Amino acid sequence: MGSLKTLALATALAALTCGPSMADGFPISVGQRASAFALCTGAYTAVAEHSAMFDSEATELAAKRRADFAQLLDAVHPHALAYGLRKVDITATRVQARADMRTLLSAAKFSQEHERAAPAQAAIEARLAHCDRLLLGV
12 MGSLKTLALA TALAALTCGP SMADGFPISV GQRASAFALC TGAYTAVAEH
62 SAMFDSEATE LAAKRRADFA QLLDAVHPHA LAYGLRKVDI TATRVQARAD
112 MRTLLSAAKF SQEHERAAPA QAAIEARLAH CDRLLLGV
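Here the working numbering is used: the first residue of the sequence shown is 12, the next is one more, and so on.
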């Protein structure tokens, strides 16, 4: 595996597994909530785009979850700005989470190396499970 691909996968794994932790409970501060909702919006955007190529049922669920997190992000966005977060930082979190998830999805789906695909799939499942636990009734 090329060193650039290895670095990209390692970065994506670190970003998505070192994000907000459920061990810390629900994000308390408005800044933490905005970051968590931006991260989950970005992650589910990537999942919806990726699954659209392969499975329409999964696409619908991912699109619904993406919409749920986008609504939550919209709800806390004005408060996050008043709290001192910059719009560009919230957007950057969402865009980076999408890029990181796309890297993992590609590795999990297309890698022929189990040593690369398995950790990517585990990171995907962990991130989406974290996001899902932020939603009531999921």
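It is worth saying that the hints were derived from the structure and are not from the lab. Worth double-checking, as some hints may not be accurate.
Said to hold, decoys possible - Quick list of in silico lysine to aspartate or glutamate cross-link-like pairs, DMTMM-like style, CA-CA up to 20 Å:
#, residue 1, residue 2
1, Lys75, Asp143
2, Lys75, Glu60
3, Lys120, Asp100
4, Lys120, Asp85
5, Lys120, Glu68
Said to hold, decoys possible - Taking CB as the label site, the calculated pair distances span:
#, residue 1, residue 2, range
6, Tyr94, Phe65, 18 to 26 Å
7, Phe37, His125, 30 to 38 Å
8, Asp100, Glu68, 28 to 36 Å
9, Asp143, Ser67, 38 to 46 Å
10, Asp66, Ala140, 32 to 40 Å
11, Phe65, His90, 31 to 39 Å
12, His90, Ala133, 31 to 39 Å
13, Leu92, His125, 16 to 24 Å
This structure is a prediction, so every number in the text was calculated from the model and none was measured. Quick reminder that beta carbons are idealized off the backbone N, C-alpha and C, glycines included.
Which hint numbers does the structure go against, in order from smallest to largest? Failing hints, ascending: 3, 4, 6, 9, 10, 13.
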